[in-house]
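Asks: If you want the building blocks of each chain, they are given just below.
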Amino acid sequence: MGSEPRNGTAQLGAYKVEPGGNSISGLSSGAFMTVQLQMAHSASFVGAGVIAGGPYRCVESFRGAAAFAEDAYILNAEYICMAPLTPSTGPDARRLADLARQTAEAGLIDPIDNLKSQRVYIFTGTRDAVVHPVVVRSTRAFYEALGVPAEQIAFVDNRPAGHCIYTNNPDDSPLDANRPPYINFGEGMQSHDILGHIYGDLEPPAHTAVGELLRFDQTEFVEGPFGRTSMGKVGWAYVPRAVADGEPARGVHIVLHGCKQGHAYVDYLNGRPAIAQQPPYGARYITGTGYNEMAESNNLIVLYPQATGDDGGAVQNPDGCWDWWGYTSADTDAPDYYSRNAVQIRALHAMLQRVTGTAAPRPH
Amino acid sequence: MDTSAPLPSLLPVGAKSGARTAPYRTHVPAIDHGLKALALQQGHALRAMSAAIATVRVLPRALDKEGLDDLWQMQAAIGERVVQMQRGWVEGWFGWLRYSGQIDGANTMAKLAEREYNLAAQAVQMAGEQCEDLLGLMENIQVGYLYWVSRKAQDVGIGVI
Chain A
1 MGSEPRNGTA QLGAYKVEPG GNSISGLSSG AFMTVQLQMA HSASFVGAGV IAGGPYRCVE
61 SFRGAAAFAE DAYILNAEYI CMAPLTPSTG PDARRLADLA RQTAEAGLID PIDNLKSQRV
121 YIFTGTRDAV VHPVVVRSTR AFYEALGVPA EQIAFVDNRP AGHCIYTNNP DDSPLDANRP
181 PYINFGEGMQ SHDILGHIYG DLEPPAHTAV GELLRFDQTE FVEGPFGRTS MGKVGWAYVP
241 RAVADGEPAR GVHIVLHGCK QGHAYVDYLN GRPAIAQQPP YGARYITGTG YNEMAESNNL
301 IVLYPQATGD DGGAVQNPDG CWDWWGYTSA DTDAPDYYSR NAVQIRALHA MLQRVTGTAA
361 PRPH
Chain B
1 MDTSAPLPSL LPVGAKSGAR TAPYRTHVPA IDHGLKALAL QQGHALRAMS AAIATVRVLP
61 RALDKEGLDD LWQMQAAIGE RVVQMQRGWV EGWFGWLRYS GQIDGANTMA KLAEREYNLA
121 AQAVQMAGEQ CEDLLGLMEN IQVGYLYWVS RKAQDVGIGV I
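Residue numbers (this note's numbering), protein chains in the order written: chain A, 1 to 364; chain B, 1 to 161.
Note that these hints are calculated values from the structure, not bench results. Any given hint could turn out to be false.
[Stated by the list, open to error] Think about it this way: if two alpha-carbon atoms lie no more than 20 Å apart in a straight line, the pair counts; the simulated DMTMM-like pairs of lysine to aspartate or glutamate are:
| no. | chain 1 | residue 1 | chain 2 | residue 2 |
| --- | --- | --- | --- | --- |
| 1 | A | Lys233 | A | Asp319 |
| 2 | B | Lys36 | A | Asp71 |
| 3 | B | Lys36 | A | Glu70 |
| 4 | A | Lys16 | A | Glu212 |
| 5 | A | Lys116 | A | Glu105 |
| 6 | A | Lys233 | A | Asp217 |
[Claimed, not checked] Derived coverage of chain A by chain B (criterion: at least 3 residues anywhere in the stretch with Cβ under 8 Å from a Cβ of chain B; other residues may be distant):
| no. | region |
| --- | --- |
| 7 | 40-52 |
| 8 | 58-65 |
| 9 | 88-101 |
[Stated by the list, open to error] Sample of chain A residues lacking proximity to chain B, with all beta carbon distances greater than 10 Å (derived):
| no. | residue |
| --- | --- |
| 10 | Ala83 |
| 11 | Leu85 |
| 12 | Lys116 |
| 13 | Val130 |
| 14 | Arg137 |
| 15 | Pro170 |
| 16 | Gly188 |
| 17 | Asp193 |
| 18 | Pro204 |
| 19 | Arg272 |
| 20 | Asp310 |
| 21 | His349 |
We treat Cβ as the ideally placed atom computed from N, Cα and C, and that holds for glycine.
Please construct the entire structure, taking both the sequences and the accompanying hints into account.
Replies: Here it is in structure tokens:
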């Protein structure tokens, strides 16, 4: 269990968790990171949910976009991996699958064969103007190229949704909107669809999430300078009542928010945080997307790690995105945002190990 | 075809990022901004030149029915994005005009000054966003085309464009 909250923030605790039941999902930059984390630690997961995300190491599609690597990766991210004009100017799933195999052969990620038993949910809205459906289709092709059987992939591309996770809350944005906080009203809970596909035989969601919603300290999961990670100091976790009372959890599901969705996110207005005009988003993505209700009735622990924004500081990440283009890499010419060694991936996996009680004891 | 090999490129992609920090940073903001703009314009010019050279070198050997279809799709997609962009601009400026006509409620000097400032700020913001949209589309076309032609070059075995 976690320690007592101090200033509202507890140390993330260890729980009884049945082995072989962990999964991950994310939206947008969280979806790109979902693919990266799943690839890096495929032995730790049974499935993933990718909402409006592209394939692994997509930003390395075309190094020739600019003379300098960091410029090339940004250009790749913006145009080839988010808004390609056509399928032929979008990600090449076959090439990126080869790159993934090479990465595995180099020992930087878990063996690719682990993916063959995994279940993957992939979604793109037909009105998505941020990460175009062309890109997300290549994500499906990427998984297929790596041997995930087609029947284990749920590919949904028929909803007139913008760039969003959809919910059944009519107070959220219209379904076809492409604007922050990217939580849209879609007459259904996408989180339930994701968890349903990954786990299959789930109980219906609880009416109310009566478990514990915890704020935990993320800094302890980072070795080296914390500022370089672009992660928030505080993450969130949902622990179902029964699990908090000592029953074993069925698994842990990690939820990765997208850009401009972190709980402490504040928009930048003309390069300055618009704190006076706009309060931080708060826990809307954490409490309003339906994960907790499903977790409550199915004894799933949910982790909500948080990235944070920084414009012009140690990293260039004003929108608080997860790193899928190398901004955390110390050496931009040899970026390492995609492997087990990547600073964010190390931190995320360490959180999972802590919760499942599989982390090595910390040296004193 | 070896899909693991890097795509051919004219750009000096071996350039190390560390190498540019010294020449491009004087720590005098006005100069640094100018140098940064210059560097980005150089990149833009280099991509344009690469695209032109690649077109001459690669297309005669690589332009088959599929390639023509790709180019047609690109052309259509560009047209569609331009129309979408212009629609957004028109909506934005109509909104601005509507706001500028709502002057009746400005009954104090302070309120009038606020309204005038808002009008100017909205106009500057919209102009800035439209400039970003346009430059973004231009970069997208450049990068997308260069990427596409590099893949075509690899398909027909041209190692360096």
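Asks: With reference to the structure, classify each hint as holding or not holding.
Replies: Outcome of the hint check:
1. Lys233(A) with Asp319(A): holds, 16 Å
2. Lys36(B) with Asp71(A): Holds. Lys36(B) to Asp71(A) sits at ~12 Å (cutoff 20 Å).
3. Lys36(B) with Glu70(A): holds, 14 Å
4. Lys16(A) with Glu212(A): Holds, at roughly 15 Å.
5. Lys116(A) with Glu105(A): The hint holds at about 17 Å.
6. Lys233(A) with Asp217(A): Since the Cα atoms of Lys233(A) and Asp217(A) sit roughly 6 Å apart, the hinted pair holds (cutoff 20 Å).
7. 40-52: violated (count 0)
8. 58-65: holds (count 5)
9. 88-101: holds (count 7)
10. Ala83: Ala83(A) is in fact no farther than 10 Å from some Cβ atom of chain B, at 6 Å.
11. Leu85: violated, 4 Å
12. Lys116: holds, 21 Å
13. Val130: Correct as stated: the minimum Cβ-Cβ distance to chain B is 13 Å, above 10 Å.
14. Arg137: holds, 15 Å
15. Pro170: Since the minimum Cβ distance to chain B is about 25 Å, Pro170(A) lies beyond 10 Å and the statement holds.
16. Gly188: holds, 28 Å
17. Asp193: holds, 29 Å
18. Pro204: Holds: least Cβ distance 41 Å, greater than 10 Å.
19. Arg272: holds, 14 Å
20. Asp310: Holds, since 19 Å exceeds 10 Å.
21. His349: holds, 27 Å
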